[in-house]
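Enquirer: Protein chains in written order, with this note's numbering: chain E, 1 to 99; chain A, 1001 to 1646.
Check before you lean on any hint, since a few could be wrong.
[Said to hold, decoys possible] Using 35 Å as the maximum straight-line C-alpha spacing, the simulated DSBU-like pairs for lysine-lysine come out as follows:
1) A:K1171 to A:K1565
2) A:K1616 to E:K25
3) E:K98 to A:K1616
[Said to hold, decoys possible] Listed next, the stretches of chain A that the computed footprint assigns to chain E, with coverage defined by at least 3 CB atoms under 8 Å from CB atoms of chain E:
4) 1611-1619
5) 1622-1630
The hints are simulated quantities; they were obtained by calculation from the structure and are not laboratory data.
We put the CB at the ideal spot given by N, CA and C, even for glycine.
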Amino acid sequence: MDLTHYLILSMLLFLTGAAGFIIKKNVISMFLCLELMLNAVNLAFVAFSKHLNQVNGQIIVFLVMVVAAVEAAVGLAIMIVLYRNRGTLSVDDADTMKW
Amino acid sequence: MINYLWLIPIVPLAGATVNGLAGKRMSKSAVSIIACGAAGISFVISLISFFSLLKLAPEQRHVLQVFFTWIASGDFVAKAEFLLDPLSSVMILVVTGVGFVIHVYSIGYMHAENGYYRFFSYMNLFLFSMLVLVLAGNFLLMFVGWEGVGLCSYLLIGYYFDRKSAGDAGKKAFIVNRIGDVGFILGIFLIFLTFNNLNFGEVFRQIATGSQRFPLEAGVGILTAISLLLFVGATGKSAQIPLYVWLPDAMEGPTPVSALIHAATMVTAGVYMVVRCSPIFSRAPLALDVIVIVGILTALMAATIGLVQTDIKRVLAYSTVSQLGYMFVAAGVGAFSAGIFHLMTHAFFKALLFLGAGSVIHAMSGEQDLMRMGALRKHTPITFWTMFIAALAISGIFPLAGFFSKDEILWSAWTRGHHFIWLVGFITAGMTAFYMFRLIFLAFCGESRRSKEADHHLHESPGSMTGPLVILGILSIVGGFVGLPVWMNFGPNKFFLFLEPSLAMTYRPEVHEATHIEELGFAFASILAAVIGIYIAYRMYIRRPKAANELANRFKYMHQFLFRKYYIDELYDFLFIKPAVRISTGFLWKKWDVGVIDNTVNGTGRMIEESGSLLKHVQNGLIRSYAAWIMLGTIAVLLYISFFRS
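Let the sequences and hints guide you as you build the complete structure.
Expert: Written out as structure tokens, the structure reads:
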């Protein structure tokens, strides 16, 4: 297994996440897609780290994981408030911030 | 004491500042003490400076004091510098002396007016500007004073700002003066271009001796151009054809203002400037001819208008215009000293005439129409006698001040070959005597034509007003003795001898020597003209009071033509004002301003609004669409980097 395989997998995961983020209406689904993209990036980092025999990539992965955890906390809180106020989790209904 | 030259203008400036800022909260007497005190101190310092100057040897009487460098930019240097020489010393004495007397007079005349402090503040400011004008050692500083007196003139003409006519007159004076000032400042530019210097002494030395920048043989054309441009400035300030129209209207201001600014000092600034620049003018024969012609035409025209006016101040205003014409004739024929001589004596008797007129108006509770006066002699004796003296002086009756100066001008015109000019000046002298005595007879003699109300308050003016009248009356009698003519066998003319150092750089052609008998004959002739004028006035207004009306009826059109002042105001209205208004409203306002300027500004706004309302649809509030845009953007940037930047 050389670097290319990891990178292709990472790219596929990222594209799935990105496509899902644009296509899905449900906030929770979008959130999951976001996590998927983050982890696709993580995979790439780890792969490069192994390939270049450097530890930097793995350190950044931890950083990303922390950010993802924080983001999950804030994101879930927003989702709860959104559902309480609107009774729905569809993002297309939350469109008051516009011209 | 000559080192304290700067105090002369600064003291009135301080007075103006104090009165202007704090005068509202001060009592009237405090305001008058400050204003008159400032003028008085200035006069005393001027006197001391004058005597210090006299102590110097004649060829050293050119004291230039540099205070600081005002502007320095590359080659161009303008300094704040004052020049005291015989010419400017005569001017500061006249300005501060007559100015002080008129300040004192104003205490009585203005005592009941609102804005008392404002009046005195402006008056002091005027003195400051006028003194800067006459003391300035270079053209640019002179221009500062020149504009300053214009401003004060505007402010004081519009003193009664609640009267529309006063406001209009102020604006008219300001605008007409501005036209002249354009010429003046263009002249200054041309002087700087030619001589690379603006200092009087430097410029005149280059003209007299030539320099690398200014070779003598190349000079006449450029000097003529400079002279004509400067003279345009002089016609504006000194009310000559074609820019004289503002002066009669300026009579809307309080009478002391008319006396100080529009008779004795400011309007003579043009004459002073021409004499100061005599080294330039005297080398431009064409410009001199223009000055003579403009001067004599103005003198004649204003005198004919003055014959029929009925407003006491307007008669005097036209008389001022006419006398200023004489001064320009003097300068134009090359007799610069004679012009300054007449300037000085005229300051005395014309200020006196105006102050006397003010006293009459004061006595008549504001009536200015000569046709509603009459027989005032018994009620206002001091005013009558002083005005009578002034009228004799301006008519040129021996041995009053006006005789010597006017005779000197006419005589110079004759000896320098301008025989026709002499004839017109001679006739004008007769007219002058006529309209002056017409004024005296109508106001003080004959039957009373006064209204009941005016009679009720009739009184001689208080001492603060009659005192100045008496002082100026004495000056009108003795003022001419400083320049006794040669034919009286007191040696050469002292006044001219005194002015000589100021005219050192002036080019003077040979004048053919005349015998004393010849000159004496001409002196008699001018007295004769005056006597004839006075006699006709006496016949028409005392012996047969109906004669004037009969004459006016017989030459109805002629009379109307003169009474309406040659319809010059109407002509200017038709030629300049109406078209200007029409172009302004029709094109500049409705087309250019509304159509172009407004549309450009509004169009810019509208364009931004329109393009914004198109772009606003991007901002649709849908998170997924934003995400898609971000993604597309990222891809675009990545593509750009991978294809174009590697």
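Enquirer: Taking the earlier hints as the rules, which of them does this structure contradict?
Expert: Structure breaks no hint.
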